[in-house]
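Engineer: With the sequences and hints as input, model every part of the structure.
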Amino acid sequence: METPVVTPIHDPLITPASMAQDAVAGSDIRPVDLAHDRTEAVTGAWLDKLAEGLSEQGWMTLDVRDRLGLDLLVALQQEVAILDRTDAMKKAGIGRGNDLVRDRSVRRDKIAWLQGVTVPQAALFEFFDTIRQGLNQRLFLGLKRFETHYATYHPGDFYKKHLDSFQGRASRVVSLVLYLNEAWQAADGGMLQVSNRDSEHEVCGTVLPEAGRMVLFMSEEIPHEVLPANRTRYSLACWFRQDEVPLPL
Numbered sequence: 001m002e003t004p005v006v007t008p009i010h011d012p013l014i015t016p017a018s019m020a021q022d023a024v025a026g027s028d029i030r031p032v033d034l035a036h037d038r039t040e041a042v043t044g045a046w047l048d049k050l051a052e053g054l055s056e057q058g059w060m061t062l063d064v065r066d067r068l069g070l071d072l073l074v075a076l077q078q079e080v081a082i083l084d085r086t087d088a089m090k091k092a093g094i095g096r097g098n099d100l101v102r103d104r105s106v107r108r109d110k111i112a113w114l115q116g117v118t119v120p121q122a123a124l125f126e127f128f129d130t131i132r133q134g135l136n137q138r139l140f141l142g143l144k145r146f147e148t149h150y151a152t153y154h155p156g157d158f159y160k161k162h163l164d165s166f167q168g169r170a171s172r173v174v175s176l177v178l179y180l181n182e183a184w185q186a187a188d189g190g191m192l193q194v195s196n197r198d199s200e201h202e203v204c205g206t207v208l209p210e211a212g213r214m215v216l217f218m219s220e221e222i223p224h225e226v227l228p229a230n231r232t233r234y235s236l237a238c239w240f241r242q243d244e245v246p247l248p249l
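Just so it is clear: in the sequence shown, position 116 is 116 by this note's numbering, and no numbers are missing.
Hints are supplied without guarantee of correctness; some may be wrong.
As the list claims (entries may be wrong) - The calculated lysine to aspartate or glutamate pairs, modelled on DMTMM-like cross-linking and capped at a C-alpha distance of 25 Å, are:
| id | residue 1 | residue 2 |
| --- | --- | --- |
| 1 | Lys-160 | Asp-84 |
| 2 | Lys-49 | Glu-126 |
| 3 | Lys-49 | Asp-63 |
| 4 | Lys-90 | Glu-225 |
| 5 | Lys-161 | Asp-198 |
| 6 | Lys-144 | Glu-56 |
| 7 | Lys-90 | Glu-147 |
| 8 | Lys-91 | Glu-225 |
As the list claims (entries may be wrong) - Derived DEER-like restraints, expressed as beta-carbon distance ranges:
| id | residue 1 | residue 2 | range |
| --- | --- | --- | --- |
| 9 | Thr-86 | Ser-199 | 37 to 45 Å |
| 10 | Leu-62 | Asn-136 | 18 to 26 Å |
| 11 | Asp-87 | Glu-56 | 40 to 48 Å |
To be clear, the hints were calculated from the coordinates, so they are not data collected in a lab.
Don't be surprised by glycine CBs; every beta carbon is placed ideally from N, CA and C.
Structural biologist: Spelled out as structure tokens, the structure:
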């Protein structure tokens with residue numbers, strides 16, 4: 001049986017212009033100067049490191065706090081927290097379009113799709129597009145676009161082992177996860193467990209979802225799962241794709 005694809009349920013929940021600002025920012029988001037908060041630029045050497053990790057192991061994890069800046073990470077965490085407590089996030093599903101299934105035995109997270117319309121999202125999208133171009137130049141992947149959503153796992157929520165794309169589809173090619181949780185401890189659960197691409201029963205890594213931690217992996221190759229969370233867990237998932245036009249939902 002094919003491994004299910006992670007796909008949107010509805011149209012993106014964060015929409016352009018004033019609606020987006022009202023839905024996300026409101027009065028709870030404090031203004032931040034994102035341009036002056038980064039201590040390290042995204043360099044060619046750093047992009048070389050990403051490409052090397054993907055080509056040799058199929059996945060990697062690294063700390064991107066200095067490249068994104070703490071203010072941006074805080075602003076993104078505030079956005080997803082507001083969406084979560086105002087019930088603006090929807091239960092995630094498995095499949096696409098008419099084949100969409102909300103199977104609570106497989107995954108229990110809630111999601112909200114981003115369009116890059118707030119200041120923090122625009123800064124994040126710039127970062128993601130730099131990665132897209134860098135991987136294309138180094139690995140010739142033909143990545144044409146990306147899609148991204150917030151994800152919330154409440155206590156007891158999980159996502160069982162899966163791949164992010166059907167084998168041979170060449171739609172979602174590279175997956176990225178960015179975590180937004182301060183002071184996360186192992187006892188809080190919710191770790192990402194990564195399996196060997198050549199033997200899915202062999203665990204080759206466990207990642208603590210702490211703020212500023214990023215994971216990058218090949219979507220068709222690396223089985224992974226989210227272990228049950230013991231406290232509310234926030235993250236961003238992004239997929240770099242080869243198709244130019246979004247498929248109908």
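Engineer: Could you run down the list of hints and mark each one as holding or not?
Structural biologist: Taking the hints in turn, this is what the structure says about them:
1. Among the hinted pairs, Lys-160 with Asp-84 is consistent with the structure: their alpha-carbon atoms are about 22 Å apart, no more than 25 Å.
2. With a C-alpha separation of about 19 Å, the suggested pairing of Lys-49 with Glu-126 holds against the 25 Å cut-off.
3. Annotation: proposed proximity of Lys-49 to Asp-63 holds, straight-line Cα distance about 13 Å (limit 25 Å).
4. Between Lys-90 and Glu-225 the alpha-carbon distance is near 20 Å, which keeps this suggested pair within the 25 Å criterion.
5. For the suggested pair Lys-161 and Asp-198, the alpha carbons sit about 15 Å apart, so the restraint of at most 25 Å is met.
6. The hinted pair formed by Lys-144 and Glu-56 meets the criterion: a straight-line CA distance of about 23 Å does not exceed 25 Å.
7. Simply put, Lys-90 and Glu-147 have alpha-carbon atoms about 17 Å apart, close enough for the 25 Å limit, and the pair holds.
8. The suggested pairing of Lys-91 with Glu-225 holds, with an alpha-carbon distance near 17 Å, which does not exceed 25 Å.
9. Evaluation of the 37 to 45 Å hint for Thr-86 and Ser-199 yields a pass: the beta carbon distance comes to about 43 Å.
10. A C-beta distance of roughly 19 Å is found between Leu-62 and Asn-136, which places it inside the suggested range of 18 to 26 Å.
11. As the Cβ distance of Asp-87 to Glu-56 is approximately 43 Å, the hint placing it in 40 to 48 Å holds.
The earlier numbered hints are all upheld by this structure, with none contradicted.
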